[in-house]
Structures are given as structure tokens and as C-alpha cells.
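Engineer: Protein chains in written order, with full-length UniProt numbering: chain A, 1 to 373; chain B, 1 to 158; chain C, 1 to 340.
Source of the hints: derived by calculation from the structure; they are not laboratory data.
Treat the hints with care, as some may be off.
To be verified - In silico lysine-lysine, DSSO-like type, Cα no more than 27 angstroms apart, as pairs: (1) B:K71 x A:K296; (2) B:K98 x B:K143; (3) B:K29 x A:K189; (4) A:K187 x B:K71; (5) A:K180 x B:K23; (6) A:K208 x B:K96; (7) B:K12 x A:K189; (8) A:K189 x B:K9; (9) A:K256 x A:K205; (10) A:K208 x A:K187; (11) B:K71 x A:K57; (12) B:K23 x A:K205; (13) B:K71 x A:K303; (14) B:K71 x A:K327; (15) B:K29 x A:K180.
None of these values were measured; they are calculated from a predicted model.
Below are the chains, spelled out letter by letter.
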Amino acid sequence: MDTNIANSNLKSEDYFINMGPQHPATHGVLRLLLTIDGEIIKKVEPDLGYIHRSIEKMSERDSYQQIVHLTDRMDYLSSHINNEAVCLTVENALEIEVPERVKVIRTIIGELTRIASHCLWWGVMGMDVGALTTYFYGFRDREMINDIFEETCGARLTMNYNIPGGLMFDIHPNFVKRTKEFVAHFKTKIPEYDKLLTGNVIFQKRMKGVGILSKEDAISFGASGPVARGSGYSCDVRKYYPYSALDKVTFNEALKTDGDSLARYEVRIQEMWESLSIIEQLIDNIPEGDYKVATKAVIKLPKGEFYQKVETARGELGVFINSTGTKNPYRLKFRSPGFSNLSLLNHIAVGGKIGDLVASMATLDLVIPDIDR
Amino acid sequence: MSYFGDIYKGIKTLLTGMSVTGKVFLNNKNNSITQQYPDNRETLKMFNRFRGEVVMPHNEKNEHTCTGCQKCEIACPNGSIEIIWDRQIDPESGKKKKMIDKHIYHLGMCTMCGLCIEACPTDAILWAQNYENSVYDRTKLTKVLNQPGSKIMPGVED
Amino acid sequence: MILSINIVENDIFNMLLIAAIYLGIFSVAGLFLVLLERKVAAWFQLRLGPNRVGPWGLLQTMADALKLVSKELTGTIKADKFLYNLAPYFVIISSLMALAVFPFTQEFQAFDINIGIFFLIAISSIGVIGILLGGWASNNKFALIGAMRSGVQTISYELSVGLSLVTMVLLTGTLQLSEIIEVQKSGWLIVQGHIPAIIAFMIYMIAGTAETNRAPFDMVEAESELGAGFHTEYSGMKFAYFFLAEFINMFIIAAIGTTVFFGGWLSPFGITESIPWLGIFWFLGKTFALVFLMMWFRWTFPRLRVDQLLTLEWKYLLPLNLLNIVLMALIVWLGLTIQI
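Can you build the whole structure from these sequences, using the hints too?
Structural biologist: Encoded structure:
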């Protein structure tokens, strides 16, 4: 591996490969400009913008209720948490206290969303390192969550269940039963995931010591979520700035200090267990009460700047609203986790092989519409 | 000796992985998650809250409850709803009243966010649970929700 | 249905007839293997697999082949036209040639050459030239990387395939496939050679999977890394040749395994010895069991990285193999083989 051809007397040139935007490993429309020397990566330049829809600009035209549904289309795998972020910002600005019931339901669905997202990530992770079967196993379990969402929210992916002031409608009577069924089912499936992929010697060899990100680099690149926590940077927004009902539950922040691809992988597996525990703590005690507080039909935020952050499945999502007191925001900015996490791809991939790039990119769990917005 | 230990452990993990897929293979008859879609049309039932498309229910007298207040049109984020209305004389009260001429719904633009249905004060529009919305010509996705000749149900006010 | 088609005289007509029969049988067999792979994959993956074309989807791959035949052959403008067009034939011809030497039953063998094993090893390494040519000539960087990986991989794993078979040849004392089976009438070689034979079989299966460029050793195609690898620029029937060759190669690897380790057409404990033509069912049954094993590998394991692939070969398989040969030689010398 040290016998780099550039060190020998042979004349050699780096060459350039265009990976994406239609490459299977870039999961959407990310384009990577790779400079490689044989198999070894010299430089990775991400090229963005293939799915830019100017959601932030569109938000300036929309009312606050309407903004919520646009956030579904950012990080579509944690759409509920995105919705929640905007709703929390608006509620904080209006100084509305939502009922306890709403908080608990939001948290449960948020954690289900996180599990669904990690299920999909796990499947795709396996697929990126060549084990195609994981994809279907991940989707089998995600399907159960999607059914829960479909029954309660009416949609499977872009749910738009939150509105400023609460929820669009109450949970479906079957919600509690189905969620309990899922928790029981999924507890038997995570060990299966571990057997199939985590423990596998090939997988361990592919992931261990690959794509190393130090804690300092994680902080300076602005990494968040499982990516940062894999490097030992404790940054769970749910822990430090608890929102909704997260202050009522006890859970451990998944943390690993190795900073390699395997650490990021294990953090996500650990997070699934923690999310299950959060759901179990809340599902039996959903308080009675209203599912929303009445807001005015036209919401006008007071003049000023408002910021709220939440922990999506990918990391820290910040919503910044600058209001001039009208019914639309003057400026709305999303701090999306994917964008910062993508920025460190070059840092962790250089020096590795093409296979390593694909594997470490999969552990970043990028959702391209979240990066482009 | 760790050389042979590694080989042993490696083979063991590989066999563990194979046992997982092997079990699925043997139980495939019961486990298969494939839905044979066009075949199961009869049994495929959507959940009650499923957002298929926006419809306007009419009763048997061809009456709906839309007052033409345009709240849904305002609530819609991307202009999927257009309401063409004018003021007509109400035959009952004899007063001039706002009435819809056409409630136009662009299914092709709709993002299924549900804000219009939330906004409707008289529950004139609802979600339908149909899921086969594809057509060959996209102009067919522009629908007029109120039936021809329909009128507002008596007694419905804003 | 006894097909007595041993070549007894150098009759050109006979030869052509046999070649045509083989070509017909095995292109259909290749298609059937593709179907089997898709079905098996589906069952591993909680799916149903092809079930629309024909009963239980049996005609699915026929339909696919028809589609591929009727498709336009596209290619890159700056490709080296001659080599680009030559490559798929290299791959498919070399894999079809290897089929000639297999004894399917006692009589059903087209070409009983006295260096059968050697011939098989030699032929199966020609295929890689086609892959290298295809990757090089299509003037595509992804294809080139795939082709180079394939070169590295095949050169390494040839050794293990060869050496694990040599281990077994120590036991049989002959390279001729029909005689290898004759030897196994007193117990299949995996039983005769017990421990070293089992090790040799494991090494053979690993290296054989690598030889056919299948997952977990599918560096050459590695769809998440290289898109489609060496056949990125191929379409229509030329692509189909590569595709079919992969499956026929899988069949060949399994067939060699059957012949050398599991007694070829011999029935277990000689239960159908009186009906010789039943041999073909035993042969195919054993071969498909091994094919299934390879499919099981493919749909379970993640892919190795290219340097780990070489580590596996040079640090693990090759030294073990050499040790194993010594062990086998000792066992044969001391007469510790198990004879039933």
C-alpha cells in the first residue's frame, strides 16, 4: 500500500474521474470530481446544485403554515423532524405553549422517523459495500414505520403532520398498538442486522480504520449528528437543548471515539436502540388533551430574529427566521446537517481507495436535497 | 497463532451471516414482502386518512357545502386550487350571495400537504383514498371539483 | 436418452454437430442460470422474483435475451473498434470451450483429453483477456479501472484454483477427468482425502468465486464504485455475451468442483449404479448445489476492497494451499486415505 507509484522513478500522472450525478453510490444527484492515482484518491471535490429548488427563497413568499410543507422536501428521510423544527421556531416566536400531548406525540413520531431513516441508511450502507440483501431487510422494517405514518398522518414520506400550534389531527386509535408491535418486532431485528453485517469479517475490514475523522476536525468542519459523535464529539441537540418531550425521557447519547467509518456505523446502530427506548418510555403515557392550540388563521411573527435547532437523523438542523412583523419571513435560513457533513468528505477520503470513498460516503448518510435545498 | 485464530473467526462470522440469509430463504413463502400490485387491486385498501386527491363530496340532490370563501385557495402553498365565483341571487333568501362557479383543482401541482382541508370551515373538500392517479395527458389532472349543475346545500354559512 | 457422442474418428461433420448441440444446450443453460440467480436472489431478499413471463416466470430470461438481441449496439466513438468488438467473443468462446471436457455421464463427454484439469485451468484464464480488452478498448475510465482490477484479481486467484486442484490430483494421480471419476468409485475425493480435501475444497470455492468475478469478489463490476465496470460501454448482444459468460463460468467452476471433489456423475453409495444415464441428474444436482452455494455467498457478503482481495490471496489462501499440498502428499504417501 505504501508503494505509491509517484514515489518511484516511473513517470505517472493523476487522472480525473467524474463520479455522478448519475452514479449509483452518490444516492441522488451529487457529483464528485475525483482526482485519482491508480486506485488511490488524491482529491474529492463535491459539486452541488443539481437539485436546488431555492426552498429558502420560496419560504419568503409563503405563510408560516405553508413553509412547513416545504421542509418535508429537504431531508425527506426525517421529514417529521424538519416540520417540527419550523413549528417550534414559530411557536417560540409567538410564545405559544403547545399541550403536553402534542409534545409527546411529536417526540414519538420524531424517533420513529429517526429509526426509519437509519433503517434505510443501514440498507443502503450494506449496498454500498456490496451486500445487496441488506437493502431489503432494512426496507422490510422501515415499511412497518411507514404504515404507522400512513395511518396516522395520511402520508408515508412527506407527512406534513405538524402545524404551528400543534398537530394537524389527533393520532389514529391504532397508533399506540401498531407502534408497540413495531418496537417488539424491531428489537429482534437489530441483532439480526448485527449478525448479517456488523459482525461480518469483510465488513469489519472494510470499515475499520477507514475514513478517519478526528474530534478536532469534526468540530472545525461543523460536523454534527452521528458523524460527529463517531469522532467522540458529544453534540446531541436532544441532550443539550431538549425540545418537545425529550426532557422527560432518559437516554444515552451514542458516542464512539474511534472516528472511523465503523464508529459512525456503530453510533447509528446504537441510536436505533436509544430511539426504541425513548419510544418505549413515552408510548404508554401519552397524556390526554388537545392536539393543537388555536392559532390565528394568518400568523404574524413579532419583529425580530428567531432560531431553533433540532436533531434530525443526520445531525443538527437549525431554522433561523428573520421577521419584520409581516405574515411572511423576511429571511429564512436552514442550517442543514448534510451540507456540513459533506464538506469533510475530501478530508476523510483522501489517501483511501475508491472503495473506501464509497464506504465512508455511505457512513456520512448524505441526503442530497438536504444539502442543496 | 492469531493467524489461524483470525481465519477461524472470519469463517465463523461469514457463516453467521449466511445463517441469517439462509433462514429468510427457507421461510420465503411466508416472509415475502412483495405486493403484486395490479393483481391485488381488489384487496388493496388505503388507510382512511390516506391523501390521494382532494374531492368535493356531493349529496344525492347534487348539493355540496362549498360557500366559495376561498380560504382553501389562500391556504394552498402553490396555487393548486383556483375558485371561480360570482355573486348570484340566492333563491331561498332572495339576497345576493357569493357562490362558486367552478372549484378548480390541479392535481398535477398538488403536494398533498392538506392545508386546504384544514382551512375549510364547512368541510366542503375532503381527501379521497384513490391511488391510481396517473393519466396519459396532464391536462386531465386539472379537475373541476363541483359537479355540473350542483349548488350549495341549504343552511351552510361561512 | 443416452447420447453417445464420443469422438471416435476425426469426422468434421460429427464435430460440428456436437459443437452445435453443445452451443444450443449451454446457451439455454446459461439463460436458465440467470433465471435461477434472479429467483434465488429474490428468495434471499424477501421478494418473489420474476413471475410474469411464462409459468413461474420461466420464460423471463428468454424474453430478456430476445430484447437484448433486438437492441441497437452502441459504443463510444473513440473506442478501439477492433478490440472493442473482439472482447465479448473472447469471453464467451473461452467459457464455452471449457464445457467440452466435462463427463456428464459415463458416455456423455465430448472430448476426453488426458490433461483435462490442466486444460480447464488454462482455458478459464483466457476469459480475462477479453475483460482486459473490453475495458481497455472502450475508452472509458470506469471500464479501464474495472479491467485492471480484473487482471490483478485473475492472476492472483488462478494460483489458488490451480494449486487446490493440484492437491486433489495428488490423490488421483491423473489429470484426465474420466479417470478422476473412475478413481472416485471407491469414495468421493472429499471423503478419500478428508481434512486436506476439505481445506482444498474451501480454498477452491473461494478462489473459484473470485475467478468468476462474482460478489464478494466483484471488483470488476463493483456497481457502487464503478457503475458497471468493464462492460460500461457495451450494449445489446455484446453485453449479453459478457453476462452469459459470467454465468457459464459459474457453472464451470461448480462443475469442476463436482467432478474433482464430489464424484461427478457417480451417485452417492452407488444407489443408481445400474442405470448409467441417471448420472447426468447426479452431476447436475451436485453442480447446482455448488452454484447455489456461490449464489448464497453473493447475496450475503459485502464486497472486499481491492487491496484486501490481494491480501486474502497472498497472505492466506496461497500459504495455506502450499501447506495443504504437503499435508496431502504426506497422507497419500502414508496411505491414510479413506477408501470405502
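Engineer: Taking the hints in turn, state whether each one holds.
Structural biologist: Results for each hint:
1. The hinted pair formed by K71 of chain B and K296 of chain A meets the criterion: a straight-line CA distance of about 13 angstroms does not exceed 27 angstroms.
2. Only pairs whose Cα atoms come within 27 angstroms are accepted, and K98 of chain B paired with K143 of chain B is accepted, the gap being roughly 21 angstroms.
3. For the hint linking K29 of chain B to K189 of chain A, the alpha-carbon distance of about 19 angstroms falls within 27 angstroms, and the restraint holds.
4. Proposed proximity of K187 of chain A and K71 of chain B is contradicted: the alpha carbons are some 46 angstroms apart, above 27 angstroms.
5. Between the alpha carbons of K180 of chain A and K23 of chain B the distance comes to roughly 25 angstroms, so the proposed pair stays at or under 27 angstroms and holds.
6. A threshold of 27 angstroms between alpha carbons decides the hint, and for K208 of chain A with K96 of chain B the separation of about 77 angstroms lies outside it, so the pair is violated.
7. Restraint check: the Cα-Cα separation between K12 of chain B and K189 of chain A comes to about 20 angstroms, which is no more than 27 angstroms; the hinted pair holds.
8. Note on K189 of chain A and K9 of chain B: the hinted pairing holds, with a Cα-Cα distance of about 23 angstroms set against a maximum of 27 angstroms.
9. Taking the CA atoms of K256 of chain A and K205 of chain A, the gap is near 18 angstroms; set against the 27 angstroms cutoff, the hint holds.
10. The hinted pair formed by K208 of chain A and K187 of chain A meets the criterion: a straight-line CA distance of about 26 angstroms does not exceed 27 angstroms.
11. For the hint linking K71 of chain B to K57 of chain A, the alpha-carbon distance of about 24 angstroms falls within 27 angstroms, and the restraint holds.
12. Between K23 of chain B and K205 of chain A the CA atoms are separated by roughly 25 angstroms; this keeps the pair inside 27 angstroms, and the hint holds.
13. With a C-alpha separation of about 26 angstroms, the suggested pairing of K71 of chain B with K303 of chain A holds against the 27 angstroms cut-off.
14. Pair hint K71 of chain B plus K327 of chain A holds up; C-alpha atoms about 16 angstroms apart against a cutoff of 27 angstroms.
15. In summary, the hint linking K29 of chain B to K180 of chain A is supported, as the alpha carbons are separated by about 26 angstroms, within the 27 angstroms threshold.
Checked against the numbered hints above, the structure breaks hints 4 and 6 and satisfies the rest.
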